[in-house]
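Protein chains: 2
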Amino acid sequence: MAEHAAIVGAGVIGAAWAARFVLHGIDVKISDPSPHAERIMGEVLDNARAAWADLGLPEPSEGSVTFCDSIAEAVAGAVHVQESAPEDPDIKISILEAIAEACPPETVIASSTSGIKPSVLQPSIVNPERMLVGHPFNPVYLLPLVEVCGGDLTSAAAVETAMATYASISMKPLHVRVEIDAFIADRLLEAVWREALWLVNDGVATTEEIDDSIRYGFGLRWAQMGLFETYRIAGGEGGIGHFIAQFGPTLTWPYSKLMDTPQLTDDLVDTIATQSDEQSGANSIRELERIRDRNLVGFLQVLEGNGWGAGETLKAQRDRLG
Amino acid sequence: MAEHAAIVGAGVIGAAWAARFVLHGIDVKISDPSPHAERIMGEVLDNARAAWADLGLPEPSEGSVTFCDSIAEAVAGAVHVQESAPEDPDIKISILEAIAEACPPETVIASSTSGIKPSVLQPSIVNPERMLVGHPFNPVYLLPLVEVCGGDLTSAAAVETAMATYASISMKPLHVRVEIDAFIADRLLEAVWREALWLVNDGVATTEEIDDSIRYGFGLRWAQMGLFETYRIAGGEGGIGHFIAQFGPTLTWPYSKLMDTPQLTDDLVDTIATQSDEQSGANSIRELERIRDRNLVGFLQVLEGNGWGAGETLKAQRDRLG
Numbered sequence: 007m008a009e010h011a012a013i014v015g016a017g018v019i020g021a022a023w024a025a026r027f028v029l030h031g032i033d034v035k036i037s038d039p040s041p042h043a044e045r046i047m048g049e050v051l052d053n054a055r056a057a058w059a060d061l062g063l064p065e066p067s068e069g070s071v072t073f074c075d076s077i078a079e080a081v082a083g084a085v086h087v088q089e090s091a092p093e094d095p096d097i098k099i100s101i102l103e104a105i106a107e108a109c110p111p112e113t114v115i116a117s118s119t120s121g122i123k124p125s126v127l128q129p130s131i132v133n134p135e136r137m138l139v140g141h142p143f144n145p146v147y148l149l150p151l152v153e154v155c156g157g158d159l160t161s162a163a164a165v166e167t168a169m170a171t172y173a174s175i176s177m178k179p180l181h182v183r184v185e186i187d188a189f190i191a192d193r194l195l196e197a198v199w200r201e202a203l204w205l206v207n208d209g210v211a212t213t214e215e216i217d218d219s220i221r222y223g224f225g226l227r228w229a230q231m232g233l234f235e236t237y238r239i240a241g242g243e244g245g246i247g248h249f250i251a252q253f254g255p256t257l258t259w260p261y262s263k264l265m266d267t268p269q270l271t272d273d274l275v276d277t278i279a280t281q282s283d284e285q286s287g288a289n290s291i292r293e294l295e296r297i298r299d300r301n302l303v304g305f306l307q308v309l310e311g312n313g314w315g316a317g318e319t320l321k322a323q324r325d326r327l328g
Numbered sequence: 007m008a009e010h011a012a013i014v015g016a017g018v019i020g021a022a023w024a025a026r027f028v029l030h031g032i033d034v035k036i037s038d039p040s041p042h043a044e045r046i047m048g049e050v051l052d053n054a055r056a057a058w059a060d061l062g063l064p065e066p067s068e069g070s071v072t073f074c075d076s077i078a079e080a081v082a083g084a085v086h087v088q089e090s091a092p093e094d095p096d097i098k099i100s101i102l103e104a105i106a107e108a109c110p111p112e113t114v115i116a117s118s119t120s121g122i123k124p125s126v127l128q129p130s131i132v133n134p135e136r137m138l139v140g141h142p143f144n145p146v147y148l149l150p151l152v153e154v155c156g157g158d159l160t161s162a163a164a165v166e167t168a169m170a171t172y173a174s175i176s177m178k179p180l181h182v183r184v185e186i187d188a189f190i191a192d193r194l195l196e197a198v199w200r201e202a203l204w205l206v207n208d209g210v211a212t213t214e215e216i217d218d219s220i221r222y223g224f225g226l227r228w229a230q231m232g233l234f235e236t237y238r239i240a241g242g243e244g245g246i247g248h249f250i251a252q253f254g255p256t257l258t259w260p261y262s263k264l265m266d267t268p269q270l271t272d273d274l275v276d277t278i279a280t281q282s283d284e285q286s287g288a289n290s291i292r293e294l295e296r297i298r299d300r301n302l303v304g305f306l307q308v309l310e311g312n313g314w315g316a317g318e319t320l321k322a323q324r325d326r327l328g
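Chains A and B, in that order, are what the protein sequence lines are.
In terms of this note's numbering, the numbers along the first sequence are unbroken and rise by one, the last being 328.
In terms of this note's numbering, the numbers along the second sequence are unbroken and rise by one, the last being 328.
Honestly, I wouldn't trust all of these hints.
[What the hints assert, rightly or not] So, partial list: chain B residues that the calculated Cβ filter (under 7 Å) puts toward chain A:
1. 228
2. 301
3. 303
These are calculated hints, taken from the structure and not from any lab test.
Please read these numbers as outputs of a predicted model, since none were measured by experiment.
Even for Gly, the Cβ is constructed at its ideal location relative to N, Cα and C.
When you get a sec, could you build the whole thing from the sequences and use the hints?
Structure follows, in structure tokens:
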């Protein structure tokens, strides 16, 4: 029997995982009780194939897609199992138990959970040391990030194997070294989500106004640089230390409905400045600005070509001036 | 005397404002006490010209740049004044008072403050009804968004004039209808910033790991769609109602250090769903997915061409398969 990856739960996330594996030539076996699973899989795979072609990638030698009648059938002999069941600890635990019973004892079992700690999910499964979280981002067949987080019982070897598996399907695995609810990205997303809910709840802004405040502004920065590298530039020639000095006091101002903030001690400022130097110090601020601008120019052109979002302002500018 | 815009404070933000006006053929007069102001202006204008050329825009008939010895000289006869002084209410108020004394009584005076309410800044200036906030995003010569927010004393006519001025230099003015500290975008940014500071403070992740969690993942989504449109897709065929139903309970889970969240009442869920329909209902979920994918494909190609961020994973994929 050929090696295969098992996809347990094939909704929006699971189907896109399957597409990513298949387009990298890896066979998948899928278990999902939904009567819509095969249709959704077909539609997602069509989207993924179209994106693959748009990216100018070579015609793939696709892996096969097999729908199975049971979890046991899907995971038997699998080299990697990706669980993408509904975001409910009880549901996930019972499915993970069934997976662990039926697949080889050394097979890595990864949960796509966006926030539940692996230590909560793993205690009752057999060979819990090979269970961990591999949290992807939608659409999984295009976005590179996957957060890899082990629990109390997870072995270092399992983390290493999962990181290698994800790298082999062209992903960017990010090891979440400290186990924490919601990992890293979703803590940031959750903070934004909570603040946005307040803005809608209090009638300050509509969903569209909030989205516009993102996609015509800082969202264009975050597709290429994150928070700290962006603020390093924002500090100008003084760098991130200058930025923190200027905007640090706002932490105590009512700029967020959520007011519990860390103290900006000298130690924390120093930690951030040191980490930022290690991250971005190879480029000067001016060089970072030029990289940022080249990326932004490309994004704006892409959006214009697609008639979308900030591309409209570029098109208006071109029409006005051309 | 030809019409001109006055730039008061020409650091990172003010200089980029000047560049945006100049490249749209509008003369600027600048007041800034820093001995570095002229050098910084030259460097920022060079960056802006390079970006303009990269965007394929027609060779501009540039406005002139004049450095003035005083605020009064810069703002006399100006059709629009943009104040970009340090983020300190006392400093800003004294500068705004000087601006208002010296410019025509009907001239709109806009502050670039990223969070201070205009009602705090305007009471002591003459003709306070023409003072408002025009909050831009760095780099101002490339990012379209500017948040326009009036204070208690601001006239509707001043808001309208400012919106038209910003649209005339190819920006996307967003009217912040309810005056609130930090307006809209910076409340979201502040929420992320505070959570990120906790992550660094508690040793969970480094600045680079946090940035990677953004730029290889959700940052690529936010350059084209915001929070709600993205989550509308994440809900799959069920749309945003399904998303909220699935992830609503996490509001009460420890997914953020900042725990004060609104209650997801039926009313709030209904408000969000209605606003989301108005915003995005013209496209089906599948159509939104295809738009999103086309944009993401373009961004990834741009990043690959520039050897940056998520472009590395695309290049690796191409190398592996090509």
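Point to revise | Hint numbers not upheld by this structure, sorted from lowest to highest | key: none
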